[in-house]
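Visitor: Protein chains in written order, with the numbering used here: chain U, 3 to 603; chain A, 3 to 603.
Note that these hints are calculated values from the structure, not bench results.
Careful, some of the hints might be misleading.
No copy is singled out in the list; a pair is fine if it fits within one copy or between any two copies.
[Unchecked claim] Simulated pairs of lysine-lysine, PhoX-like, Cα-Cα distance not exceeding 25 Å:
hint: 1; residue 1: 111; residue 2: 190
hint: 2; residue 1: 166; residue 2: 234
hint: 3; residue 1: 496; residue 2: 311
hint: 4; residue 1: 273; residue 2: 186
hint: 5; residue 1: 496; residue 2: 111
hint: 6; residue 1: 178; residue 2: 190
hint: 7; residue 1: 496; residue 2: 234
hint: 8; residue 1: 390; residue 2: 355
hint: 9; residue 1: 321; residue 2: 90
Protein chains: 2
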Amino acid sequence: MPIDSPIAYDPTLIAKLRGHLQAEGFAGFLVPHSDANQSEYLPPCAERLAHLSGFTGSAGAAVVLLDEAALFVDGRYTLQARDEIDAKTFSQQAITTTSPQDWLRTRLKAGDKLAYDPWLHTPGQLEAYERLCQELDAELVALGANPIDALWLDQPPLPSSQIKVLDAPFAPLSSKAKRELLAKDLVKARVDVAVISAGDSLAWLLNIRANDVPFTPLVLAYALLSADATVKLFIDAARIDQATRSHLGPDVQIFGRDQLAAQLDGLGDTKTAVRIATSATPAWIVERLTRAGARILPGADPCQLPKAKKTPTEIDGVKRAHARDGVALVKFLAWLQIQAPNGSVTELSAAAKLDGLRAENEHFCGLSFPTISGSGPNGAIVHYRVTKDSDRALATGELFLVDSGAQYLDGTTDVTRTVAIGTPSDEMKDRFTRVLKGHIAISRQRFPRGTRGQELDVLARQALWEVGIDYDHGTGHGVGTYLGVHEGPQGISKRGQGAELATGMVISNEPGYYKEGAYGIRIENLITVVQVPSPQGGEREMMGFEPLTLAPIDRNLIDTALLNESERAWVDTYHAQVCDELSPRLDPSTRNWLAQATATL
Amino acid sequence: MPIDSPIAYDPTLIAKLRGHLQAEGFAGFLVPHSDANQSEYLPPCAERLAHLSGFTGSAGAAVVLLDEAALFVDGRYTLQARDEIDAKTFSQQAITTTSPQDWLRTRLKAGDKLAYDPWLHTPGQLEAYERLCQELDAELVALGANPIDALWLDQPPLPSSQIKVLDAPFAPLSSKAKRELLAKDLVKARVDVAVISAGDSLAWLLNIRANDVPFTPLVLAYALLSADATVKLFIDAARIDQATRSHLGPDVQIFGRDQLAAQLDGLGDTKTAVRIATSATPAWIVERLTRAGARILPGADPCQLPKAKKTPTEIDGVKRAHARDGVALVKFLAWLQIQAPNGSVTELSAAAKLDGLRAENEHFCGLSFPTISGSGPNGAIVHYRVTKDSDRALATGELFLVDSGAQYLDGTTDVTRTVAIGTPSDEMKDRFTRVLKGHIAISRQRFPRGTRGQELDVLARQALWEVGIDYDHGTGHGVGTYLGVHEGPQGISKRGQGAELATGMVISNEPGYYKEGAYGIRIENLITVVQVPSPQGGEREMMGFEPLTLAPIDRNLIDTALLNESERAWVDTYHAQVCDELSPRLDPSTRNWLAQATATL
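Working from the sequences, and respecting the hints, build out all of it.
Guide: Here it is as structure tokens:
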């Protein structure tokens, strides 16, 4: 959620919600951080969790019982949630150790009715609740309307931003080509129709973008893709102007949102084989299709994998976007090194400066997420979002962590740098260098085709484990092209399987270390998967990574004694690349600063 | 399956089976390599896959259609299956790239009936088939009797070996203590009764062993464990003598196998909450319970995790077993080095020699699996089983791979060594040393509590990936105590999640490299998970491994230039431990040989 979000926390809401639940005979209600399209950044009207609990993180869920309520967040949000929620109202739970089901198991009684909004959950997400209710002889009940909406007086309207066309050169592959590509797969899988409900899949498939949610040009609508490559798009017709209409062409039929139910029923009448995405399609749609008699084929969102495998032309655009982004970041870091030591820079002013520099870039369409600008102890809050209250000045002897990115017509960026203000302590240098060793290990690892990012995660942690420390978040997430800054199916993390790494995938490489109350360290580049020549005598097709992000890594924080020769060589090579590609675009003084910042170790 | 197995391949069976299927109106039949207790090594009567196809591997499945049949095996069995099956009758499929469902998807038609034996599949295994049949509008049908049994003239009888008691000192924890431990968890999970059907779980829970299957003292029976810590055991009463009866005590009631159905129905009548193990309980039992009206709670076999976490006293026994086993292996390797070069040793005679030496050991109860004795190209067959036809003499300039283990009252062993006969080539030394680097990387890795073996797998492969090679099997599997040589829930592999590594778990560490038609390399130790002190300034509880296996690693195959200092130190330290612990138990000449074999690099 953006810092300027209109969503206010309403402390009185939970009492009203409980009154409603009690009146309706429900024991509890699930309040996930999600919208009817499973977006990560929500349209304001879907910020129900923030409105109810005050928690503004990008992931989490609340369970409200009549006499008790809990908020479940992952390691990224432990500290933030503690600051934002009222501990007397919500008990905070680490979702990795206590799932909502674990928590409910000892509280829900036989016969209890647990309510949920079927638009906000996928069938996959509901499975664990269904198992629990079966186990406890309780009942999981889908509601016709979300009670929070009824109680939310100034709830913002549904998103209705104008749809914009994104075609060549920024979207090299035409929508027709994409639809035909997907249709082939549907035929092969004997699927007649696929439900497309993810806002990024819709945007990618139809080569359109919108402003329905902050930071990501998702198109929040629904579509039915047929095996004949035609599409039925369910969206407010007012959002589509003549240019978009003719871009979509005759193979894309427009329907109103209110016609979705009837169309789904129609698929039932004809016993159509419908692919639903277990991890994306709202349970409401699946239940409607099931009741209507359609043959449900659970699977993956058919757009997800092709969308993740960027074409060479797309990657060229992504590289151009990263060069522009690097220029802004270098100007910022050069400015910071002069301004910060005299105490005149705060987290807010630093973020404003960086955001302003980005906004000057060609093809800039906005930030890809709220800039994380954390100095000293605030840097240890993994997804820290600075506010007027939390703002603090950057002080010498402290670390400053800035995680930021932008949306450009030709690419999405996401980069984290941690810099020392003044002279860092030996411990800071030791920790930073170990995080850097992890970053390097991932970045230069080569692996056989078929490897999943998950298999590589440990390489980012080994140097930290050596001294008994770790970080509680994944090492990498997929990134879209002028789309989601978090996109599947690939990833690098301890848990989950993720997809096999394939040429053209873009993924983040961001190990970190966080010392609560003291400082935070994270080094993040976006990298892309490339094919590499198999060594002489090699038997497997080998792949590797190529860095996309172009920005210096603070040499003042590197303890070169902790790096081996090849690690030092990696830093020097990367810095040379940063210097070569960015210098021509910089003014003389910034160019000089960059030369020093990227000098060999 | 043992080499001396009575099971003969019947090439005429498939035609008879098809006749039967056609007559009954079925389009196909599933023939998994499994028995009614999901054992890995099957009782002879359950070797239906071998009887039908000739394939004798320990994992695989056949699908028989009226006009086509396929055998699905993993990378370990690619070469073996090719040798064993008739390619005209069965098309061989790599299960990792083509699952039975993938294969069936393009062959099964709407309305087709696909038959299976509900005793041989778990609900978890059937899910993918159910989804496929729903997708194709086909029908998955459970058969009342397995048609192969009707057509198998000399099918061996059900296992009925005498039950033996295994109590302290070999089973330090009493059965009563184990039952009470598990009962607590059942109460916490609100489970009334848990179905125990895995032969190793039964043996562990009741501190009994049997000879129902080769190589593993499994007890093939069924039990219902109640939340009050009492057990109903379904087994042929003739198998239980007075000593066992009094060992089991009053809390264990004995029923005939034929009384299982009635007892399950009883659980239904009382709407009992029954925990079934998705990965172990036969579908037949689950379907019976469901029809009867029981509340099914899918989960893990409650014995699995506690069984895997060996107590310190158990680990002491396991170490004693490994010392005895090491003596046999060292005597064998010393003998081999003298005999092999003169060409007088064959794969069969080598295996016989090693098996004989093991048999001399105290508490020896048999091999834990058929000794894999592969010279030259046969070493490249991952699960090679030497036969009179395949037997070949060990020749100089070749590698010899021996993977073997034994069952002792106090522990189960599993060790692989690869030795050079005469002088190895530079390539052999390079490959061997890279496999060794992987073995060392796993063995000395330290990791925070909560890490799963899967997260470490890549460390065993990095040195191979460097030169573009890999191996197509997991890096490690759990091992039981005088029980299964393969036991869950922990593991080290690219795929799957596995369980978090916990103190007392025993796991194999066995990276390898296989050059088809040339040679095979594998270095396997069993290792156990131990807690290690967190370094100064460390924040996480750290764990590591301790080697259990005691046997020299062939120094002639190590290219010391490829090892860094700490890797060389690991080898020297390990070899010193092997020498110190085994020398006192050896005759002078073997002791001298071991001293040289374990000299510092």
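Visitor: Take the hints in turn and mark each one as holding or not.
Guide: Status of each hint after checking the structure:
1. 111 to 190: between (46 Å within a copy, 14 Å between copies)
2. 166 to 234: This pair counts as within: shortest intra-copy Cα distance 18 Å, inter-copy 68 Å.
3. 496 to 311: both (22 Å within a copy, 22 Å between copies)
4. 273 to 186: Cα proximity of residue 273 and residue 186: one copy only (21 Å, versus 48 Å across).
5. 496 to 111: Answer is neither: 34 Å inside a copy and 40 Å across each miss the 25 Å cutoff.
6. 178 to 190: within (19 Å within a copy, 56 Å between copies)
7. 496 to 234: neither (39 Å within a copy, 40 Å between copies)
8. 390 to 355: Answer is within; shortest intra-copy Cα gap is 16 Å, inter-copy 79 Å.
9. 321 to 90: neither (49 Å within a copy, 53 Å between copies)
Going down the numbered hints, you'll see the structure goes against 5, 7 and 9, while the others check out.
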